[in-house]
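**Q** The lines below spell out each chain.
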Amino acid sequence: MGRRILLEHDNVSGIETYEVYRKQGGYRSVEKAIKKMSPEQVVEEVQKSGLRGRGGAGFPTGMKWSFIAKPEGVPRYLLCNADESEPGTFKDRYLMEKIPHLLIEGMIVSSYALGCNQSYIYIRGEYMWILDILEKAIAEAYANGWLGKNILGSGFNLDLSVAPGGGAYICGEETALIESLEGKRGNPRIKPPFPAVKGLWGCPTVVNNVESIAAVVPIVNDGGEEYAKIGLGKSTGTKLISASGNLVRPGVYEIEMGITVEEFIYGDEWCRGIANGKKLKACVPGGSSVPILPHYLVCKTATGEDRLMTYESLADGGFASGSMLGSGGFIVFDEDQCVVRNTWNFARFYAHESCGQCSPCREGTGWMEKVLNRLEHGQGNMRDIDLLAEINKKIEGNTICPLGDAAAWPVAAAIRHFREEFEWHVNDRETSQKRNYGLVKEPSPIK
Amino acid sequence: MSSHKHTPISARHTEKPSFNAEQMAEVQRVIAQYPEGKSKSALIRILHMAEEAFGGWLSIETMDYVAEILKIQPIEVYEVATFYTMFNIEPVGKYVFEVCHTGPCMLVGSDNIITYIENKLGIKVGETTKDGLFTLKTAECLGACGYAPMLQCGKIFHEHLTPEKVDQIIEAYRSGNTNF
Ligand SMILES: Cc1cc2nc3c(=O)[nH]c(=O)nc-3n(C[C@H](O)[C@H](O)[C@H](O)COP(=O)(O)O)c2cc1C
Ligand code: SF4
Ligand code: FES
Chain C
1 MGRRILLEHD NVSGIETYEV YRKQGGYRSV EKAIKKMSPE QVVEEVQKSG
51 LRGRGGAGFP TGMKWSFIAK PEGVPRYLLC NADESEPGTF KDRYLMEKIP
101 HLLIEGMIVS SYALGCNQSY IYIRGEYMWI LDILEKAIAE AYANGWLGKN
151 ILGSGFNLDL SVAPGGGAYI CGEETALIES LEGKRGNPRI KPPFPAVKGL
201 WGCPTVVNNV ESIAAVVPIV NDGGEEYAKI GLGKSTGTKL ISASGNLVRP
251 GVYEIEMGIT VEEFIYGDEW CRGIANGKKL KACVPGGSSV PILPHYLVCK
301 TATGEDRLMT YESLADGGFA SGSMLGSGGF IVFDEDQCVV RNTWNFARFY
351 AHESCGQCSP CREGTGWMEK VLNRLEHGQG NMRDIDLLAE INKKIEGNTI
401 CPLGDAAAWP VAAAIRHFRE EFEWHVNDRE TSQKRNYGLV KEPSPIK
Chain W
1 MSSHKHTPIS ARHTEKPSFN AEQMAEVQRV IAQYPEGKSK SALIRILHMA
51 EEAFGGWLSI ETMDYVAEIL KIQPIEVYEV ATFYTMFNIE PVGKYVFEVC
101 HTGPCMLVGS DNIITYIENK LGIKVGETTK DGLFTLKTAE CLGACGYAPM
151 LQCGKIFHEH LTPEKVDQII EAYRSGNTNF
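From first to last, the protein sequence lines are chains C and W.
Start counting the first sequence at 1; every next residue gets the next number (this note's numbering).
Start counting the second sequence at 1; every next residue gets the next number (this note's numbering).
Be careful, since some hints might not be right.
[Stated by the list, open to error] When the alpha-carbon atoms are kept at most 25 Å apart in a straight line, the in silico DSS-like pairs for lysine-lysine are as follows:
hint	chain 1	residue 1	chain 2	residue 2
1	W	Lys71	C	Lys184
2	C	Lys184	W	Lys124
3	C	Lys184	W	Lys155
4	C	Lys191	W	Lys40
5	C	Lys35	C	Lys70
6	W	Lys40	C	Lys136
7	C	Lys98	W	Lys16
8	C	Lys184	W	Lys165
9	W	Lys40	C	Lys198
10	C	Lys184	C	Lys149
11	C	Lys370	W	Lys71
12	W	Lys120	W	Lys71
13	W	Lys16	W	Lys94
14	W	Lys130	C	Lys434
15	W	Lys38	C	Lys198
16	C	Lys279	C	Lys434
17	C	Lys370	C	Lys394
18	W	Lys38	C	Lys370
19	C	Lys191	W	Lys38
20	W	Lys155	C	Lys136
21	C	Lys149	W	Lys38
22	W	Lys38	C	Lys70
[Claimed, not checked] One side only, chain C facing chain W, incomplete, derived with CB under 7 Å:
hint	residue
23	Glu97
24	Ser161
25	Gly166
26	Arg185
27	Arg189
28	Ile190
29	Ile331
30	Gln337
31	His352
32	Met382
33	Ala412
To be clear, the hints were calculated from the coordinates, so they are not data collected in a lab.
Being a predicted model, the structure only gives us computed values, none of them experimental.
The C-beta atom is built at its ideal place from N, Cα and C for all residues, glycine as well.
Starting from the given sequences, assemble the full structure and let the hints guide the process.
**A** Written out as structure tokens, the structure is:
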């Protein structure tokens, strides 16, 4: 059994309540930090832990925290990114639903470290019932003196509240999140200035993913060095993986970074293999924005090494033969699935979610969607395929935020690895249309 | 000032909407979560509340009313209401089914589920049943990919859908027995 430090108590009955959570050792990190540590020492422990942002980019959390500007007399804000909209990702939801107090505890310790007296959890609007769960837990934390004025008699004050979005993937991008939290459309801002200098209402702001903030709790409890012992190399700690697609046992798993991909897909402890006895065709290991891997590059790298569940190993081979850990949205395709159809599906997603500010992204995503739609439905031609493969060159570096890239890279990767399948949709329109790709016969075999 | 594009009748309420005392208290609680002068931050949350209170969608009157509460220009509300896909700016049925059709759901059969619901309710995606009970929509990834196929109705996620389960869900909503 792998070590679980975030979801250690997820099966304890009543863990969503304050009493049970506290009995299991909850809020110890707040006591330790506030009574025995300075804010700088907390930041130092997070730096030592090697924790990397769990929202997708993998940027070291401690380093990000050290960048926050501290002008005299200006408030600072910590925002928790619970927008979780990257297709294939549903881990933050699981954590918040099951152990809401873990996130709240992490928010308190992190706010203390950053010197924030007001923090917000920005949650996607579709998770409205989780907003209720969080508000209930926050009320319990206030009632027990963990939030509010003069926490533990230390003079440290903190208010925490939850704000919902309204259904827009782009609001997961940190500056769009800030705009949205100011009550506006979620248009990303041009950087610099970075949020660490000018964020919410023009004040220094840190935005962190739910899982990153939750991980601060064990880091403070056990020390950064202990945390860094878990995992492998620069991929320290555990990672929540959201496994979906054609698996025997999809779901949310906490893994120690460094287990093999093969173990994760086929192991009894994890996904238990491909559903219905079918074969693995492909895998998108880190959410819809990362490159797809064909079956022969899923468990092994191009040089024949075991592929591991780490930032480095999943990226091994670069865009030519690797992918990314991203948000940990691990999507598995069985042999019956159509890569063309899925690529079109994802392109439709990005076209739908582009905020429309930059023309390369707004027009480019719409254009990719149209061309892929044509190909998928047997009306494309060979030139379309080449054009698509080149599209990222037009978008890359020409947009305000990375959504444009996130839309283009997976298309380029799909064509790189599955060109024959795209060509087949052009050369043999009839047969390619007849195959009932992507449609599993009802009733759904996935429990 | 620019005005919101709308169909003259359908996108209007006949009466001016007004939160009752309890709803207003909740609105004030949310506004108080933000510093002085930053109450616009409460906009999205209040729009969700307004939708729930005034028929499941946002009419011009509702949006103007929210602008009034927050002391902002109506256009600031229209902008937000039209940007975020969760907000309905046209009337909808009593129950809105939003079936996720993004990749991971598609891999395990969401397309079939959508067709099944269309046939069962006799409507296409985007339409409302004649009795005004159901509106069918598709949605992008709702964060339930491992429990797919799925649909969202209000605050509830219905997961691991099969045709039999869809039958049961529709039956439950029809009979008003919605204790899921
Ligand atoms: C288009 C787009 C969508 C994003 N969506 C999310 C999201 O849903 N959740 C998240 O935590 N980060 C998301 N991010 C990353 C955030 O911008 C930001 O890097 C992250 O919240 C930082 O937290 P971390 O350092 O703890 O990972 C997104 C980025 C982009 C460009
Ligand atoms: S890249 Fe796309 S999503 Fe990002 S700011 Fe530009 S138009 Fe908006
Ligand atoms: S793809 Fe449907 S819930 Fe994520």
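**Q** Each of the hints needs a verdict: does it hold here or not?
**A** Here is what the structure says about each hint:
The hinted pair formed by lysine 71 of chain W and lysine 184 of chain C meets the criterion: a straight-line CA distance of about 15 Å does not exceed 25 Å. Distance check on the hinted pair: lysine 184 of chain C and lysine 124 of chain W sit about 32 Å apart at the alpha-carbon level, beyond 25 Å; violated. Taking the CA atoms of lysine 184 of chain C and lysine 155 of chain W, the gap is near 23 Å; set against the 25 Å cutoff, the hint holds. Restraint check for lysine 191 of chain C and lysine 40 of chain W: the C-alpha separation of about 23 Å stays at or below 25 Å, so the hint holds.
Our distance criterion of 25 Å between C-alpha atoms is met by lysine 35 of chain C and lysine 70 of chain C, whose separation comes to about 23 Å. Proposed proximity of lysine 40 of chain W and lysine 136 of chain C is supported: the alpha carbons are some 24 Å apart, at most 25 Å. Between lysine 98 of chain C and lysine 16 of chain W, the direct Cα distance comes to roughly 41 Å. Violation of the 25 Å bound is thereby established for this hinted pair. Of the supplied pair hints, the one linking lysine 184 of chain C and lysine 165 of chain W is violated, its CA atoms being roughly 39 Å apart against a limit of 25 Å.
The straight-line distance between the Cα atoms of lysine 40 of chain W and lysine 198 of chain C is roughly 19 Å, inside the 25 Å bound, and the hint therefore holds. At most 25 Å may separate the alpha-carbon atoms for a hinted pair to count; lysine 184 of chain C and lysine 149 of chain C exceed this at roughly 30 Å. Only pairs whose Cα atoms come within 25 Å are accepted, and lysine 370 of chain C paired with lysine 71 of chain W is rejected, the gap being roughly 42 Å. Our distance criterion of 25 Å between C-alpha atoms is broken by lysine 120 of chain W and lysine 71 of chain W, whose separation comes to about 45 Å.
Restraint check: the Cα-Cα separation between lysine 16 of chain W and lysine 94 of chain W comes to about 20 Å, which is no more than 25 Å; the hinted pair holds. Restraint check: the Cα-Cα separation between lysine 130 of chain W and lysine 434 of chain C comes to about 34 Å, which exceeds 25 Å; the hinted pair is violated. Using a Cα cut-off of 25 Å, the hinted pair lysine 38 of chain W and lysine 198 of chain C holds, with the two alpha carbons roughly 16 Å apart. Taking the CA atoms of lysine 279 of chain C and lysine 434 of chain C, the gap is about 21 Å. The hint holds against a cut of 25 Å.
Only pairs whose Cα atoms come within 25 Å are accepted, and lysine 370 of chain C paired with lysine 394 of chain C is accepted, the gap being roughly 17 Å. Of the pairs offered as hints, the one joining lysine 38 of chain W and lysine 370 of chain C is violated, with about 41 Å between alpha carbons and a cut-off of 25 Å exceeded. Distance check on the hinted pair: lysine 191 of chain C and lysine 38 of chain W sit about 23 Å apart at the alpha-carbon level, within 25 Å; holds. A distance of roughly 16 Å separates the Cα atoms of lysine 155 of chain W and lysine 136 of chain C; the hinted pair therefore holds under the 25 Å criterion.
About 21 Å separates the Cα atoms of lysine 149 of chain C and lysine 38 of chain W, which keeps this hinted pair within 25 Å; it holds. Between lysine 38 of chain W and lysine 70 of chain C the alpha-carbon distance is near 21 Å, which keeps this suggested pair within the 25 Å criterion. Given hint, glutamate 97 of chain C at the interface with chain W, is violated; its Cβ is 10 Å from that chain's nearest Cβ, farther than 7 Å. A hinted interface residue such as serine 161 of chain C counts as satisfied when its beta carbon comes closer than 7 Å to some beta carbon of chain W; here the least separation is about 4 Å, so the hint holds.
Interface hint status for glycine 166 of chain C: upheld, as the beta-carbon distance to the closest one in chain W is roughly 3 Å, under 7 Å. Because the smallest distance between the Cβ of arginine 185 of chain C and any Cβ of chain W comes to about 4 Å, under 7 Å, the interface hint for this residue holds. Interface hint status for arginine 189 of chain C: violated, as the beta-carbon distance to the closest one in chain W is roughly 15 Å, over 7 Å. The criterion of a C-beta within 7 Å of any C-beta in chain W is not met by isoleucine 190 of chain C, whose closest approach is roughly 19 Å, and the hint is violated.
The beta carbon of isoleucine 331 of chain C is positioned within 7 Å of a beta carbon in chain W (closest approach about 5 Å), and the interface hint is therefore held. Taken as an interface hint, glutamine 337 of chain C checks out: its beta carbon lies about 6 Å from the nearest beta carbon of chain W, inside 7 Å. Given hint, histidine 352 of chain C at the interface with chain W, holds; its Cβ is 6 Å from that chain's nearest Cβ, closer than 7 Å. Annotation: methionine 382 of chain C was flagged as interfacial toward chain W, and the flag is violated, the nearest CB pair being 25 Å apart, outside 7 Å.
Taken as an interface hint, alanine 412 of chain C does not check out: its beta carbon lies about 17 Å from the nearest beta carbon of chain W, beyond 7 Å.
Consistency note: the structure conflicts with the earlier hints numbered 2, 7, 8, 10, 11, 12, 14, 18, 23, 27, 28, 32 and 33.
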